[in-house]
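Working from the sequences, and respecting the hints, build out all of it.
Protein sequences appear in the order of chains A and B. Residue 434 is where the first sequence ends in UniProt numbering, and the numbering goes up by one at each step. Residue 434 is where the second sequence ends in UniProt numbering, and the numbering goes up by one at each step.
For the record, the hints were derived by calculation from the structure and aren't laboratory data. Each hint should be verified, as a subset may be incorrect.
Heads up, the list lumps identical chains together, so a pair's fine if it works in one copy or across two of them.
Taking lysine-lysine and the DSS-like style, the derived pairs with C-alpha atoms no more than 27 Å apart in a straight line are [to be verified]:
1) K228 x K359
2) K2 x K120
3) K170 x K385
4) K228 x K385
5) K116 x K90
6) K120 x K220
7) K385 x K5
8) K116 x K5
9) K5 x K50
10) K90 x K5
There are 2 protein chains.
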Amino acid sequence: MKPVKVGICGLGTVGGGTFNVLERNAEEIARRAGRGIEVAQIAARRPNPKCDTGATPITADIFDVACNPEIDVVVELIGGYTLAHELVLKAIENGKHVVTANKALIAVHGNEIFAKAREKGVIVAFEAAVAGGIPVIKAIREGLSANRINWLAGIINGTGNFILSEMREKGRTFPDVLAEAQALGYAEADPTFDVEGIDAAHKLTILASIAFGIPLQFDKAYTEGISKLTSADVNYADALGYRIKHLGVARRTESGFELRVHPTLIPSDRLIANVNGVMNAVMVNGDAVGSTLYYGAGAGMEPTASSVVADLVDVVRAMTSDPENRVPHLAFQPDALSDHPILPIEACESAYYLRIQAKDHPGVLAQVATILSERGINIESIMQKEAEEQDGLVPMILVTHRVIEQRINDAIAALEALEGVSGPVVRIRVEQLN
Amino acid sequence: MKPVKVGICGLGTVGGGTFNVLERNAEEIARRAGRGIEVAQIAARRPNPKCDTGATPITADIFDVACNPEIDVVVELIGGYTLAHELVLKAIENGKHVVTANKALIAVHGNEIFAKAREKGVIVAFEAAVAGGIPVIKAIREGLSANRINWLAGIINGTGNFILSEMREKGRTFPDVLAEAQALGYAEADPTFDVEGIDAAHKLTILASIAFGIPLQFDKAYTEGISKLTSADVNYADALGYRIKHLGVARRTESGFELRVHPTLIPSDRLIANVNGVMNAVMVNGDAVGSTLYYGAGAGMEPTASSVVADLVDVVRAMTSDPENRVPHLAFQPDALSDHPILPIEACESAYYLRIQAKDHPGVLAQVATILSERGINIESIMQKEAEEQDGLVPMILVTHRVIEQRINDAIAALEALEGVSGPVVRIRVEQLN
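Structure below.
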C-alpha cells in the first residue's frame, strides 16, 4: 500500500523531533500502522541543525503545505494563535487531516476548529498539546470512557515544576531558579505563560472538556502563578508534611465545574507530590476506576514528537483499516510480528543483591571478592552486619553491577562451596529503572 | 440509533461490576459512544447479591449468549482456559465482537483467537486483562506507537504487592500477611497463581507482545515467586536504599527479549518503588518518549469493569462512527456536550494553608480562631513558630478543612484588619487528592 504523505509545518524543537522520530523508527511505525508514513514536504523559515532533512522538499510558506494536493495530513507545529489558526482552517477546508501540538490554539479556538473538521469529515488530533509524551488525552477520552470523571489534577507545566523542585530541594529563591531555568532553555525569555499558569490553564481547559464533556472555555479558567511563593512557605509546608506544586485542578460539583491553576499543598506521601524536575503527571479520578495517574516527560523534542507521531499512526490506522479491526490486537500488524527470540533467564542481564551467611573468621571477604572478580562481576556496594545470633554467622550483603545471570549462578555455586560460608546464598535481582 | 446489545457471560466480581457501571453511567456512556449500550442477556450460574439485574434475561448456559442472534458483543468474564476458550471461539464464529478480562486465556490462546477474529472481521478487546482499570494496553498499543520500546516493568499483581508492602511497613512475615490477604479476599484459597508469579507472567506476556510486536509466548516467561522472601532481606534492602517489589520485566536486547517475573530491588526514590498495597503500576520506556508510568487499581469489581466498559465503548465507536471520526474530539459526541457551568474561583472549594504574621502579644490566636469559626472555617492543624527576627513578628501557620473560597477571602480581610496582625496573610490552597 502507498505510504501516507505528511506535511510538517514548523521545524523547531517539536517539528525537528517529529521528523527525526518518523525517520529513525520508520520500520517500527509502518509495522504498527500497516503502511508507511512519509514526510513529503516541510515548511520552515530556517533549517534545524538537529535534523537532517535530506532530499525532503522544503518551502518557506506554510500555506504551500495546506494547499499541496499530494499531502494527506498537515502537522501544525508552528505554535501561537494567529497563523496556526489560519493554517489549520485552510488545511481542513482542503480536506486534509490535521495533527497539532498547539494547546493555546485548541484551548482558544478548538470549538470552531472541531466544528469545521466535522463538516469536512477529517480528523483533528492533539495528544501532544497536553503533557508532552504522556498519552493522557487518549487515556481519558478512550481508556476511562466507562467513568463519570469526578476530578483531575495535574502537574502540567515542566518549567514551573522544575522551579518548585529546586526551591524545595536546595532552598533557593524563585528569581534565582527562574534565571537558571532560562539559561538552561527550560523557560522562555518572557516566562509569563509558564510561571503565571497560562500554559497550564490552556492544558487544563482541554483536559476538563474531554473529562466532563463540556465545550472548551479557557476564559473561565482561574489562574494564579508561582512567582510570589517564598522559601518560607515551601519550608513550612514541608514541616507540615506537604509539598507545594503548581497544580491544575478540574472538579465536578453540583453547582458547576471548578477549573483552576494555582500553587497547591499536597500531602507528601501522594505519588504526584514526588513528581520532580521537569516531569509532568496527571491524576484522574473516575467513579468506577478510582484514582489513576499518568507520568512522563511533559515537554522536549522527542517526548512531544512521540505524541505527534502516535496521532499520525491513529490517523493512518483510521484511514487504512476496516473499522472493525482498527488497531491490531498485538499493536503491530499480524504479518509484521518479529521472530526475535525470548531469552532463557540465564541469558538475562540484571544487577544482583546477594546475602551471604559468613562464618566470622578473617579472609572470607577476600575469597568472596575473588570469586566475583574472576567472573567479571563488579561490586556496587557492600554491607557487613555484626554477628547477631549465637551461631556466630555474619550476614554479608552485596549489590553487584549488571551482569548476565549465568555468571551469578556460577559465582553462587562457588560461594556456597566455600568453607567460610554457611547455607545457601540469597539472591534477589536489582533494577534501577532509570 | 438503536442501542448495541451486549451479552455478559459470568456475573462474579467483574461481571457484576460491569453490569452496574453500564447501568449507573448509561447516559454518560451513551454521550461518549454515540449510542446506548444495553445488556440484553446474562449467563450466570447464580445471582450476584451486589447486582440488581432487574428484568434482564438470565440463562445458565453461556453458549446461549454466544448463539443469541440479538447479541452484538459477547463479554467473557467467566475466567479459566477451557470453557472460556470454547465460548470465545464460538462467539467469533457467530460473527460477534468479544470483550474479555481473561489474561490466562489471552496469554495462552491469544494467537489462535486473534487469527480467528481476523478471519471473521470481528474485534477482540482485552484491556481489562492487564492491570485492571489502568488503560495501559491502550497507552502502549496506541499512545506510544511512535516509539521503539526499550523495556517495560510493572507491579501487575495486587495481592503480591499488598503482601510485600505489609512485610516492609509492619515487619510482618510472608505467611502471616498471606493469611490476612486470604481473609480479606485479596488472595485466593490457592494463592499459587498470585504469589508464584504466574498471574503476573500472563500479564507480562501480553504487555511484551504489544510493546515489541512479537507473538504471545507465555511458555518462555521466567517466573519466580515471593514466598521465600524473608523480613531480613526486606530490611537489608531498605537499609541500602531499595524497596523489594514483585516485578514483571520485559526488555529488548541484541540477542533476544528478556521476559521475567521475580522479586526485585528498586531504588526507593523511583515513583514505582512507592506504589503500595493492592495498587498496580507499569513503567514503559520508549526511545522517543523516555520513561512513562501508568498507575491505578489493578483489580476489583469496578476498576476492572472500567476497562471492560471502555473496550465496549471502543467497539461501539468502531461499529458506529465513520472511520474518519471514530473518537469525538472532546471525548463526548458534539451534540451531547453539557452546559453545566464553570464556577468562579470564589465558589470553588478547597482547604487552605494560611500564614499570618502576628505581633507577639497575647490574644491574637484567640482573635484568629474566632474570625475563622464565625465563618464556619474549621482548623485542621496549627503551628506557631518562635519570633525569628528583630521585628518581633511571629509566623502563625494554619491549615483549614475544605471550605468555599469566598469564606476564606472574608476571613483574610478580617484577619488583616486585626491590630495584632502585620501585613498581608499568605494563602495557598491545599488538596488531599485521595
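### Query
Is the C-alpha distance from K170 to K385 at most 27 Å within one copy, between copies, in both cases, or in neither?
between (33 Å within a copy, 22 Å between copies)
### Query
Which holds for K90 with K5 at a C-alpha limit of 27 Å: within a copy, between copies, both or neither?
Classified as within; 17 Å inside a copy, 41 Å across copies.
### Query
Given a CA cutoff of 27 Å, do K5 and K50 count as a within-copy pair, a between-copy pair, both, or neither?
within (22 Å within a copy, 53 Å between copies)
### Query
How would you classify K116 and K90 at a CA-CA limit of 27 Å: within, between, both, or neither?
Result: close within a single copy only, 10 Å intra versus 43 Å inter.
#### Entry: Within, between, both or neither: K228, K385 at alpha-carbon 27 Å
Classified as between: cross-chain Cα gap 21 Å, same-chain 49 Å, threshold 27 Å.
### Status of K220 relative to K120 across identical chains (alpha carbons, at most 27 Å)
For K120 and K220, neither the intra-copy (29 Å) nor the inter-copy (49 Å) Cα distance is at most 27 Å.
### Query
Is it within, between, both, or neither for K385 and K5, if the alpha carbons may be no more than 27 Å apart?
neither (65 Å within a copy, 65 Å between copies)
### Query
Which holds for K2 with K120 at a C-alpha limit of 27 Å: within a copy, between copies, both or neither?
This pair counts as both: shortest intra-copy Cα distance 23 Å, inter-copy 26 Å.
#### Entry: Intra- versus inter-subunit Cα pairing at 27 Å for K116 with K5
Answer is within; shortest intra-copy Cα gap is 22 Å, inter-copy 32 Å.
### Query
Are the CA atoms of K228 and K359 at most 27 Å apart within a copy, between copies, both, or neither?
Classified as between; 23 Å across copies, 61 Å inside a copy.
Figure legend: structure checked against the earlier numbered hints; hints not met, in rising order: 6 and 7.
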